[in-house]
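Number of protein chains: 2
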Amino acid sequence: MNIRLYNARILTMESDKDIFRGEVWIKNERIAYIGTNEDILDAGPAIPHIKWDFEIDCGDNLLMPGFKNAHTHSAMTFLRSYADDMPLDEWLNNKVFPYEAKLSSGDIYELTRLAVMEYVTSGVTSIFDMYINLDAVAEACRDTGMRCVLCGNVNDHTSSPEKMAEEFERLNEFNPLISYKLGMHAEYTCSKKLLDRISKVVHKYKAPFYCHMSETKKEVEGCKERYGMTPGMFLDSLGMFDYGGGIFHGVYLTEEEMDVLEKKDVSVVTNPGSNIKLASGIAPVTELVTKGFNVAIGTDGPASNNALDMFREMYLVSTLSKIRDNDAVSIGADKVLGMATIGGARALELKDADILDTGKFADIILLDMHTPNMQPENNIVKNIVYSGSKSNVLMTMVGGKILYHNGVYNIGERPEIVYENCNKICERILG
Amino acid sequence: MNIRLYNARILTMESDKDIFRGEVWIKNERIAYIGTNEDILDAGPAIPHIKWDFEIDCGDNLLMPGFKNAHTHSAMTFLRSYADDMPLDEWLNNKVFPYEAKLSSGDIYELTRLAVMEYVTSGVTSIFDMYINLDAVAEACRDTGMRCVLCGNVNDHTSSPEKMAEEFERLNEFNPLISYKLGMHAEYTCSKKLLDRISKVVHKYKAPFYCHMSETKKEVEGCKERYGMTPGMFLDSLGMFDYGGGIFHGVYLTEEEMDVLEKKDVSVVTNPGSNIKLASGIAPVTELVTKGFNVAIGTDGPASNNALDMFREMYLVSTLSKIRDNDAVSIGADKVLGMATIGGARALELKDADILDTGKFADIILLDMHTPNMQPENNIVKNIVYSGSKSNVLMTMVGGKILYHNGVYNIGERPEIVYENCNKICERILG
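For the protein sequence lines, the chains are A and B, in the order given. Start counting the first sequence at 0; every next residue gets the next number (numbering that gives the first Met the number 0). Start counting the second sequence at 0; every next residue gets the next number (numbering that gives the first Met the number 0).
Isolated chain A (complex conformation):
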């Protein structure tokens, strides 16, 4: 499928490029050409002729790389607005784990499709999804067209190091949209024996490793009691991050931990919405950036957030950093937009999905600039981060396929069917 996106403003997210007026040409799943209107006029006949399947007038709106939702549990849509206003441990043990155990793989498939619909309405083109049945997640993402990095979910109750190894080999070959990373739930849900076995798999594949870490004070204190070390120092002592990887949350990190993890090229995925809703805390994003960490942004699951909206998360990363640091200068819009795109791509090891350039994946969104919240145009990047909204998302394209355009979904199913099926799952499981 060959698509021409013309009459656009373009923000490539390459660090040395300003927004320019031009076109993006897409051949199958990748960008074949990107240039200014002047480039195209100058090159003229030298540009190879392409027969277009679609030519889309972008109406002088903004094309940019889609957002990478670098930490989520998509299928938790079934718990949205079911268990709110309670602390993390109570919520997890009484409201999450018991009901999750009742989900069939068909349920997870359907609940993930609902999440994908929400992702595309907020300009998300890749997700990093940790869940109890990753085959069902992979199938839902393949069928809807969402790019998905699956994250291993080993803990004392679900999955196992062996299953993780098997999934690593199989799901990395499953579909071009899908990849798989080694991972576990968290230190506090894995016994020491299990952690040792997980570490062996990490070293067998010499692959980066991901997990929840240092989300709450209680978790950190628990780890210190169990092992005499903070979670980062403890997991590092097991060699978990010998090939890099990432941690989700990282709200409570010591200087020592940060120094060690940064040297191992560990990304930190911050989840500000989830962290404030569960009263967990505010992550030290300014310190992380100063230390040189790659920082990415995630929504976390819809049971704790409860939206899957990267605009809200971007706004929160900046404003919560300001309030945490007591400094209105902290973490400006440019930096946040980088985290949500390039930072996410780096954390997920999606090197072809970071910026808009020839040869990169056509993971592109079109943002409406002709709405009151994006006017006047004193600074477009600030408009996106500080007053932008999912209501500005006109189009979301993943791998050259348009999944959402002008309010219409192209995910292989009618929206009302997905809603109906998900409500039925809730009735059955939550009663």
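Honestly, the hints are just simulated from the structure, not real lab data. It cannot be assumed that every hint is accurate.
As the list claims (entries may be wrong) - Derived coverage of chain A by chain B (criterion: at least 3 residues anywhere in the stretch with Cβ under 8 Å from a Cβ of chain B; other residues may be distant):
(1) 70–81
(2) 105–117
(3) 296–310
(4) 320–334
(5) 419–427
This one's a predicted model, so the numbers in the text were calculated from it and none came from an experiment. C-beta atoms are modelled at their ideal positions from N, C-alpha and C, and glycine is treated no differently.
We have chain A already, so just place chain B on it with the hints.
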């Protein structure tokens, strides 16, 4: 104009009513009838015949009272994304006041129209607007159809007690959509002499009084140095709140101040987005609610927020309270939705714009329930507050007039004209 809204779910915001399926009938600017589908079937021929100008199928989506944006400076749209990432005093003195001084009344009219467009996209049906030229604001709201309570803006540099008194008499009679409240900018921008003269006007009209108060630590410290009292105690000692009124922000309040102000029936308008972006702090909303205060919610101006989006503010009131209190139970969705509707109406003294009921103003919004962020329907009120978005606003009606419907504005001007004019104002003033 007679309008029938049918096939709806209805949330009246009356405390004892659950969401029901029914209809709302509007005669001119007020609600003529509201009832369940069963009521209507039962009553049958007993219901008076009305000739409809419009009958709107609500598609089983949700009708509810529009949001009251209880503190804003609409015309500051011209500074959106112009001066970000700096602390309040620097921002106010170097980036706000000097440029505001250059605005003509025509500029303020146009910049307010842009804000009204943004309000209607986020379901706002009333605003409480403090600005330097309130005639221009009143005209813009009258012409676009927005309900607006104007707030006096006396300070050492603009307006005066005499002007406030004149405006109070004149602008309260200007138009059915417009009312006017006595008010000043803040203690720290008014000399003691000026404050005494303002207090005289308050006592002449025996009317409620409104101002910014206790927004930053620095402001509170300054007031204590100047007068040996916190701002609330000091302003109360001048009798400013003898007839009630409200304060904007209230981030730093002592127990003593809270006790005094609550007894005077002073509302507190919280502006969480602005307070975190300027690193001012997080208001003690839980304490205010516990003390029995009427709490309302405002966006503050678009220069400090930068969006005029009540969904974002509602979400922030709840989640920031949780993080401030270190308690995930703090300020649930029900309470927040009440603040954004009933609480706002009470603060603004718009007694006919609080709930949906016969005889009340038809200030109504229609929210799309058939979107992924509003599914599944475990709890609709929580869905609105925790995962709702301005993208869910299908229709905004003020006083029986539809101002926004399915993405189309009905505000007396073409959107592109407003955008163009506002960008020209920015070019002229900001260069």
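Hint by hint, here is what the structure shows:
1. Check result for the stretch 70–81 of chain A against chain B: holds, 6 residues qualifying (beta carbon to beta carbon below 8 Å, three or more required).
2. Coverage of a stretch by a chain is defined here by at least three residues with a beta carbon nearer than 8 Å to that chain's beta carbons; for the stretch 105–117 of chain A and chain B the count is 4, and the condition holds.
3. Interface restraint, the stretch 296–310 of chain A with chain B: holds (6 residues with C-beta to C-beta distance below 8 Å; minimum three).
4. Counting residues of the stretch 320–334 of chain A whose beta-carbon sits less than 8 Å from any beta-carbon of chain B gives 10, enough to reach three: the coverage restraint holds.
5. With 4 residues having a beta carbon nearer than 8 Å to a beta carbon of chain B, the stretch 419–427 of chain A meets the requirement of three or more and the stated coverage holds.
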